[in-house]
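Enquirer: Here's the letter readout for the chains.
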Amino acid sequence: MSAAAKPSFRLLPAVTPENEHFWRGGAAGELRFLHCAACDFYVHPPAPRCPRCLSPELGVRAVSGRARLHTFTVNHQPWIPGFDPPYVVAIVELVEQPSLRLTTNLVGCPPEAARIGMPLRVRFESVADGIFLPLFEPEPGAAG
Amino acid sequence: MSRFGERQAAITGIGQSQVGRRLNRDPLALTLDACLEAISDAGLRREDIDGLSTYPGAFSAGAPGFSGAGVTEVQDALRLELDWYSGGLEQPGQLGSIINACAAISAGLARHVLCFRTVWESTAQGGGGRRGIGSGGGGGFRASGALQWTLPFGAASAAVWIAMMAQRHFHEYGTTREQLAWIALSGRRHAALNPRAVYREPLSLEDYLAARTISTPFCLYDCDVPVDGSTAFVVSRADAARDAPHPPLGFEAVGCAIRGRPSWDQWDDLTTMALRDASAMLWSRTDLRPGDVDVAELYDGFSFIALCWLEALGFCGKGEGGPFVAGGERIGLRGEIPLNTHGGQLSAGRLHGYGFLHEACLQLRGAGGDRQVPGDPKVAVAAAGGGPLAGCVLLRRD
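Taken in sequence, the protein lines are chains A and B. Just so you know, the first sequence maps onto residues 682 to 825 in the numbering used here. Just so you know, the second sequence maps onto residues 126 to 523 in the numbering used here.
I should point out that these hints are in silico values taken from the structure, not numbers from a laboratory. Ideal Cβ positions, reconstructed from N, Cα and C, are used throughout, including at glycine. Incorrect hints may appear among the rest.
[Stated by the list, open to error] Some chain A residues near chain B, calculated using beta-carbon distances under 7 Å:
no. : residue
1   : Pro694
2   : Gln758
3   : Ile772
4   : Gln778
5   : Arg804
[Claimed, not checked] Cβ pair distances, simulated, as ranges:
no. : chain 1 : residue 1 : chain 2 : residue 2 : range
6   : B       : Leu207    : A       : Arg733    : 34 to 44 Å
7   : B       : Arg147    : A       : Pro737    : 31 to 41 Å
8   : B       : Lys443    : A       : Thr697    : 32 to 42 Å
9   : A       : Arg705    : B       : Ala232    : 20 to 30 Å
10  : A       : Thr697    : B       : Gly500    : 50 to 60 Å
11  : B       : Gly444    : A       : Thr697    : 56 to 66 Å
12  : B       : Phe184    : A       : Phe690    : 48 to 58 Å
13  : B       : Glu297    : A       : Ser745    : 23 to 33 Å
14  : A       : Ala695    : B       : Phe184    : 50 to 60 Å
15  : A       : Ile797    : B       : Gly500    : 20 to 30 Å
16  : A       : Ala718    : B       : Leu207    : 45 to 55 Å
17  : B       : Gly145    : A       : His757    : 43 to 53 Å
18  : A       : Arg705    : B       : Gly265    : 33 to 43 Å
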């Protein structure tokens, strides 16, 4: 099975006014986070105030979608009916900020090609209710 | 009087129910078996119990068998008259409920606190194998809170979350599966000497390496085994512990700190988890040092967590856990630091944190039977939790 195969079933997030920018930003091809203009800090998961400077003035900002593979696991256990293994679960770190991480899936490459530190870019998977899941694939042309 | 309140508390009684796979017994019945044994072991009657503490409290959502009984059920079943009680999930790991008991005693809120932890995951999960969090919710289920960031990506188990931490440790420090295996292999050696352990047959490195993969780098033997069972303790005020039938096991220090982000994936250094902070706090509250510890019972819900506890508590250097455990000699019954002398959760069963403290008490009492650590051990550490959950206690028999 290809690591890029789409699972027939995914558990979905409950979309709220607080997280909608993140889960639906993919409709515009954008990976969006809350951002604190006062101290230039991306905030994730969403929060009412910047956890660094406590400013309540947070806006939504799109990032480049480029990331590095921080760590990963090739999962072989069928935890969720319809979400068939093997698949790669990854924690990626966005290039914009060292602490800005997401748990996601590594797609578009065989599991055995996964290397910590490899450059990645976001690729959205449209699921339901306008939700676009941000998945990550190897950056084309980059040395793995 | 010490400024560290835990010094006023001691374990006076221990109890454990039948432990096994698919016992098909009422979890409250298991709980009462353990509780009554602990009360009796402390030389007390139920009328003497004035505090009650547990983890995670009555709780059923999405985790079959994870909670066997809550505070109110046990209070009512034993008709306890309580001055203080506490149960819940938001604690520094499973042993947070023990640390709470110490705090209650130190604050004068209770004199004899009954603490318990019950699981019946083996029966509750039946023959269907382990499922992920939220997988029973059906098509209408929507993940909220912290789970929304992991479940959509099939990261539906702590096995997946911890596997990624282990992978990072492998990357940074060169740790290998052949090294990590020794947490499981050493535990199995000890379990062979423990008549209550669930898995006692020999396990070789070849068996380990050939086992099916769960989530890389973890294979089946890196993951603990769900069981049914209950464990209980009586934590008493030190001056009320003097008449106990067994030597009181005093709390030399506790650790329950968390300084990083309370998250499985946002934690700053995934190779340390919250174990780092809890361990640092523990050593800040005692003059004892890792070299003074005679036996270590460290949470191995996944093998890698025990390796991390060894590093966090300073039994070896940061990142050196792999070479330290390799071959199993240092962590054997006659090694530098005997580890998981009952077999740990990997072989003795997932009693979820409390099993480690129970074994620490047995060892300090010299009641370890065939697996007793030689040399009359007097200091033991018990630690539980992983990821952003971590609590540890240092026990001392004077």
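Enquirer: So, for every hint listed, does it hold in this structure?
Expert: Hint check results:
no., hint, result
1, Pro694, "holds (4 Å)"
2, Gln758, "holds (5 Å)"
3, Ile772, "holds (5 Å)"
4, Gln778, "violated (12 Å)"
5, Arg804, "violated (13 Å)"
6, Leu207/B <-> Arg733/A: 34 to 44 Å, "holds (43 Å)"
7, Arg147/B <-> Pro737/A: 31 to 41 Å, "violated (53 Å)"
8, Lys443/B <-> Thr697/A: 32 to 42 Å, "holds (39 Å)"
9, Arg705/A <-> Ala232/B: 20 to 30 Å, "violated (49 Å)"
10, Thr697/A <-> Gly500/B: 50 to 60 Å, "holds (58 Å)"
11, Gly444/B <-> Thr697/A: 56 to 66 Å, "violated (40 Å)"
12, Phe184/B <-> Phe690/A: 48 to 58 Å, "violated (26 Å)"
13, Glu297/B <-> Ser745/A: 23 to 33 Å, "holds (26 Å)"
14, Ala695/A <-> Phe184/B: 50 to 60 Å, "violated (20 Å)"
15, Ile797/A <-> Gly500/B: 20 to 30 Å, "violated (42 Å)"
16, Ala718/A <-> Leu207/B: 45 to 55 Å, "holds (52 Å)"
17, Gly145/B <-> His757/A: 43 to 53 Å, "violated (28 Å)"
18, Arg705/A <-> Gly265/B: 33 to 43 Å, "violated (20 Å)"
Comparing the model with each earlier hint shows violations of hints 4, 5, 7, 9, 11, 12, 14, 15, 17, 18; every other hint is respected.
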